[in-house]
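> Take a look at the letters that make up each chain.
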Amino acid sequence: MFCDRCGLPATDGDHTACAAARELEPPRFCPSCRRRMKVQVIPTGWTATCVEHGLREG
Amino acid sequence: MPDILDRARARVLTDGAGLSEPEILEVLRLPDEDLPELLQLAHDVRMTWCGPEVEVEGIVSLKTGGCPEDCHFCSQSGLFASPVRAVWLDIPSLVKAAQQTAATGASEFCIVAAVRGPDKRLMDQMREGVKAIKEAVDIQVAASLGMLTQDQVDELVAMGVHRYNHNLETCRSYFPNVVTTHSFEERWETLTMVRESGMEVCCGGILGLGETVEQRAEFAAQLAELDPHEVPLNFLNPRPGTPLGDRPVVEGKDALRAIAAFRLAMPKTILRYAGGREITLGDLGTREGLLGGINAVIVGNYLTTLGRPATADLELLQDLKMPVKSLSSTF
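If you read the sequences in order, they're chains L and V.
Those letters in the first sequence? Residues 1 to 58, by my numbering.
Those letters in the second sequence? Residues 1 to 331, by my numbering.
It cannot be assumed that every hint is accurate.
Said to hold, decoys possible - Cut-off 20 Å, straight-line C-alpha distance, at most; resulting in silico cross-link-like pairs (EDC-like, lysine to aspartate or glutamate): (1) V:K253 to V:D283; (2) L:K38 to V:E53; (3) V:K131 to V:D154; (4) V:K96 to L:E23; (5) L:K38 to L:D14; (6) V:K268 to V:E225.
Hints are computed from structural coordinates only; laboratory data are not their basis.
Pulled out of the complex, with its shape left as it was, chain V reads as follows (with noise of 0.2 Å):
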């Protein structure tokens, strides 16, 4: 066994304790001929400190594209030729994606939308759809709306919303390479609100944007650092209009490494499959992932792409014996 992963056994999954900025390196150092034990070793650390039931999540796009940012992966933003037209969700067709999503099983339905920051509008909005959604469905309200003011904070602690997503992306060193309409300092900022406010912190971001395999694991460990409640891991889908439209995919096996490396950087997490796992890994390498650090996934489609059924995730959930965890026990 790689000595990498002897010490990992010792210290993470003995004492719960993640690896270092090093330690990660090290990991998604390691050959092809050690990812089996690896990602073995992932998912008993998984099991031992997170237990087998999966969280299952819905994501809808309140407010879609014409976004000022110039987040260089996403159709979303304005300021690239991307075929992606700005849209609005009303509130019923809100309302009955979060009915759709609980139906599944899903204890979880989070509200996005493509923007810098809300706005008034985008704040009533909020107010008048989550209030329609917790009248209308028995689900969890999460949010996702960009960078926040400490009044919106607030607000949206007092709608209900119970956790809030906004993915630092990429490494500190590797950001400004992604975006330059912000820093990754001000996301930093939002996040340090949330958490403060007592809302869940979702946090992660995406693998595959050209950083290099260093700036991986900084990016793993500036996560552990931050310590969400949840960490999204999306998989570059490169999208066509975008500065990162003719990127590779990331390789299914660099996937499956990063998957255990974040598991074994952050023990105790949500670990969710978000994006980009369809074309990165295919049926065959969602399973392995549940297998080697996951704990959550986001069923059915994206914001602006299409996803698996979420029949087949929750058939393959069923296959593993990994239990949906259910909407009481996230209280």
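Pulled out of the complex, with its shape left as it was, chain L reads as follows (with noise of 0.2 Å):
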């Protein structure tokens, strides 16, 4: 599994941070892959695409 936010392993190192910032922001990587997905922010929420798995919405 990866941080959604920086991408990097959860395991290692400390991503409190990196969950912290993801209070006002969207996630950018993948946690099952780490690809960078395609994200849209709209008013009232965001989605977030990887080609390989899928569809996230916050």
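Take the two lone chains and join them into the complex the hints point to.
In structure tokens:
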């Protein structure tokens, strides 16, 4: 598994700052494969698409 | 009371004339203990010359990322190692975003594209998108598509775009430190064409790019010279992978001082809270800014980052007894 903000392995290092930043950011990396996702932010939410693992929404 | 606030009260509050650059600098240098009095004056100026209404706007990115320009604060530049990928918003999703924005009570919906200037594909998307929005939603449509040609200005007017955003971002003297792929003057030329077309001019920038306090005053004075209908005020939200990604965020008190100073420089403009306010000022600061010169907000999310829920801002406005500017009063 990977950090969806920085793309590094979720078990390596401290991702506390990433988690805090994510409160005001959509994910950028697929947590399953760390591919950069196509992210669309709209006024009330966001979608993030990984070519391999599909759509996530928030 | 500091002398500069006495002078501002006489000239700005009473006469509606903005402060000069040296006077703006004096305001920006006021000590923390004078901040409450400064914010109160800026609020009084806003209430006197703009009234209690707050203009609410939503923004959306029609074309995200892959920009050929090198604006050092921007995660959408294709020249930096930013995690933001290029993506286009389809027309049905654009209309849905406009509908969601209108549902908040907003009177403005701004369509933004990360480009140097629009190409044929983008203008085609705009033509189709603006038409679809106008058929489906009762909201004013604004646009922000970079630098324009005269033909493109004319075409946006024909589409019914009523306001055009093109930020100068920072003052003339600091601009080359922030952008090297185009000049301050090129941006100014687009703004001049927009003004002459009859579209409303929306032009602001970002504080915290590394500019000095003198350059912050210079920027406010240059915006006042431009005399835009609206000034969106952003605070740097340092983005990973950009040249300014490691810069500190603006101190809350400096941000509030700047809000008040920009209001005293431009007493009659729409001064809008834009990006970065959440990390610079937090919830409490949002309230203080609205009581210190701000009279417009972007609600909901930004282009690549997230904002406070629209309901939080709308509840705050209700609490402050500041009515949301209605669509009918924008005509």
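> Next, verify each hint and record whether it holds.
Comparing the hints with the structure gives:
The hinted pair formed by V:K253 and V:D283 meets the criterion: a straight-line CA distance of about 14 Å does not exceed 20 Å. Taking the CA atoms of L:K38 and V:E53, the gap is near 38 Å; set against the 20 Å cutoff, the hint is violated. Using a Cα cut-off of 20 Å, the hinted pair V:K131 and V:D154 holds, with the two alpha carbons roughly 16 Å apart. For the hint pairing V:K96 with L:E23, the CA-to-CA distance comes to about 24 Å; that exceeds 20 Å, so the pair is violated.
Restraint check for L:K38 and L:D14: not satisfied, since their Cα atoms lie roughly 25 Å apart, outside the 20 Å limit. The hinted pair formed by V:K268 and V:E225 meets the criterion: a straight-line CA distance of about 13 Å does not exceed 20 Å.
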